[in-house]
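Visitor: For chain A, the structure is supplied; the task is to place chains B and C on it using the hints.
Chains as they are written, first to last, in my numbering: chain A, 1 to 255; chain B, 1001 to 1391; chain C, 2001 to 2374.
No lab work stands behind these hints, which were simulated from the structure alone.
If you're wondering where the values come from, they're calculated on a predicted model, not measured in any experiment.
Even glycine gets a Cβ: it sits at the ideal position worked out from N, Cα and C.
In silico contact screen, one side only, chain A against chain C (beta carbon under 10 Å); selected entries:
1) R59
2) L64
3) I86
4) E88
5) R90
6) F97
7) F100
8) L102
9) P104
10) H105
11) R163
Given next are the chains, with one letter for each unit.
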Amino acid sequence: MSGSLASADGGGAAAIRFAGVHKWYGSFHVLRNINLTVEPGERIVVCGPSGSGKSTLIRCVNRLEKHQRGSIVVDGVELTDDIKRIDEVRREVGMVFQNFNLFPHLTILENCTLAPIWVRKMAKHDAEELATRLLTRVKILDQAHKYPGQLSGGQQQRAAIARALCMTPKIMLFDEPTSSLDPEMVKEVLETMTALAQEGKTMIVVTHEMGFARQVADRVVFMDMGEIVEVNAPLPFFEHPQHERTKLFLSQILQ
Amino acid sequence: MDLASAKPSSWLSDQRARGIIYQILLLGCIGTLACGAIYNAVINMRARGIPMGFGFWNDVAGFDINLHLISYSNRSTYGQAFWVGLLNTLLVAVICIPLATLLGFAIGVARLSPNWLLSRFALVYTSIMRNTPLLLLLLFWYNAVLKSLPAPRQSISIGDVVFLNNRGLYLPMPVAREPASWFVGVVLIAIVLAFGFRVWARRRQERTGAQEPTALVAAALILGLPAVVTAAAGAPFAFDIARLSGFNLRGGLQIIPEMAALVFGLVTFTAAFIAEIVRAGVLAVPVGQSEAAGALGLHRGLSMRLVVIPQAMRLITPPLTSQYLNVVKNSSLAVFIGYPDLVQIFAGTVLNQTQAAVQVMAITMAVYLVISLTVALALNVFNARYALKGR
Amino acid sequence: MDSLAYVREAPEPEEAPPMLSSGALACARANLFSSIGSTFVTVGCVALVAYLLPQLAAWAMTRAIWSASDGAACRQHQDGACWAFVIAKWDYLRFGSYPVAERWRVDLVEAVGALLIVWLLWTNAPRRAWGALLFFVAYPILALVLLRGSSLLGLPIVDTLLWGGIFVSLLTAVVGIVFSLPLGVLLALGRRSPLPVVRVASVVFIEFVRGVPFITILFMANNLLPLFLPEAWTPDRLLRPLAGIVIFSAAYMAEEVRGGLQSLNRGQYEAAMALGLNYPRMMALVILPQALTLVIPGIVNNFVGLFMDTTLVSVVGVTDFLEAMNNAIKDPVWAGPTIMVTGYVFAGIFYFCFCYGMARYSAHVERILAKGRK
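So here's chain A without its partners, still in its complex pose (with noise of 0.2 Å):
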């Protein structure tokens, strides 16, 4: 269940609040009671074994995966089948993938400026503009021309982030965005990521990356077998982890 350091209901509307959470596939639970809120602002990072529920968890914040029982409240929406609702949510959040998913016949430039030209109705050049004050902040605006075959998985992944960035969203959710990339690009795509968490956007990280963990989160969720079971902020669930599954974690994780 969510430590003490779970946030109660003061400084304002929280960013996301899941209340009682469930959601099985077929018959297999794989969310179970999940209660957690994010405050605007925080960072979070979600840990866990594979398997653990921790990439359901965030995509269900943007309605990719449907919960079945309890409440996700989105920036006060609640996520339901309304489809204006859900519109709504996905413009305010914004998520990078494990496998970017860049679309490959467009170029990155045209990547960035897709969603805000045909979502938000901006127009070209006001769209061009913020992309490249974009792709500048994450230090690939020479690739802007290019095509996402052309990049490498580095740029390709900063490349993605300036896409999600490009709606200005309120929240930014990754979901393990660097598992799939070679060693010698993690850091380059971590350090964008820390830049942006000093802008004080709230931020929902799902990885196994745990120095960026230490470095930037607020609180760190570590979730096993569709459960919350341990929150605390960085430095007391590294040095002091209360719960037996979390120590054996730590322990795998950790040399």
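Guide: Only chains B and C this time, still in chain A's reference frame:
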């Protein structure tokens, strides 16, 4: 932008509600079209005096059919004409499918041959066949080749046993004589024995590891036993050979030129596609498979039999089945050369005479659909059982 | 004690390979004479070619009649092709009975069509979306008006009864593709829809059309369409088989497109959804451009197959190229034993060149796409 202050959305934007609305709309459209069509059809059919219902099935047909596997005369009914046509379609399919498979596999293997010339020859063959319309091939064989054969009096003969003229191809027809039933019985016994031997040899191999040449023994049994019986009791079959009588050949097994053209065209056409399927299937098995088999010490024949061909067959079977279905569907081109298949007789002559277009087309299409769906179901069962299991 | 260490001091000189392991001789040995069986096969093939090729060449070229005004010369020399017949009948084979004075309209329609197709299929062409719009929307209207004629524009009406030959074959095939592609995309999307009614309707349509022979679809369109429509709306005799062709081709097109949609990574759908794109925009901007590009080789193959299938329209009275050839062969002026063979061989060459060319193109596109996808 505070999302919570957006105005409450209507039930129209609920995903499930929208789904239901779309489906109701679609059902409505389909229903309206169907009703409109039926309404118009009834009015038009009444206005033109076209019979509704299936009464025509028992009316006298009044036309002849030159190839009928069941008894038929011009006093038979339209219903009987249907069965004649259906049987003719199935006859063509039953003859063409094995022949096309044999020829197709042979050409496919030739395509894979390390001999460059042979592989090019096969490539030329498949390229020509796959880029020429089947109808053109049929017209060519029928009009240009078969119709320009000489009259029966000047038939081309092969060994004085097989005759080719513009009335058709004449093969010797086997006529059963006294020892025939013995012969058939012995062949069946030989097959059972060969099978039994194979089962016994396989069990013995599992127990002791010793291998027996099952193929040779089976061949010896199936060919040898009947040969012994023939030597002892005399030939089981006499052959009725066509002989010239007046202006025509009498006797023998006559294959009308329409059928010969259809079979020849279909077999050569389909074989090209089967060859490509075989080639693609074999090439799709990774080279590493035969390398691994070789590394384990299996010689080339065993490697083929135990490793490569089973995998290739799984890849070949679905498109091969679809080619067999194409043979059945393509046989409908018989209408262009006058072979009396289902489409030519039923959707052609019967439809013209009775004008009962809706009923005739419905029945014809239903027949082909039943054949297609049955084969598709069988293929699904096959795939479920034999497809390589993935994660 | 000798040291076991070794350090090279000078590079090894490069030498030419032994004669039998590379070069033309080795190539021949491996490909043609690698075993006794292979040697026999090679000898047999060479013998076959040596026998057949001169005969075919003589028939087609040296002994053929290239110019004549009627069949007399061809009847005299029966050991060669009668190309004079094809040359004399060429206009009929191209246009059927279309009035001579108006044939420029057919040429114009064909030229514009060819231009648009090249634009669409040239892999690096700019602004292909505009080309698609022109081809699928504007061109059919233009073609219809030009070919049929319109009193408004001062173009005399030409009844479809007079249309025939190569241009009808091309027309039916192109119309088939133009209208069956959008219909096929809709059916493919419908087949993948989570809504049961939509999915069942799509599956029933597709499996029904694919399960019956093309001839029955033509018969159905020809005989049943006039019955199902009110008397006043009876469609033109060319329109009915065209409808049948569109229905037939759409079902096969749907399966091609469905294959393309399935082979797309699920992540593309997810990324588009995560960006907030709704279903129509996701399909139009992200999914379909990728899926359709993937299945261009399949679509071209469908077009080739359709072009060959259009030969069947003669069964409902439309004069396509093959039927025009059949009619031409019956001309008593040219009657002779070699005419039929010449005519069919020419038709075969025509179809082969067209279809083989398109097939090579689609293989080329497939190679380019495979490189891009790595």
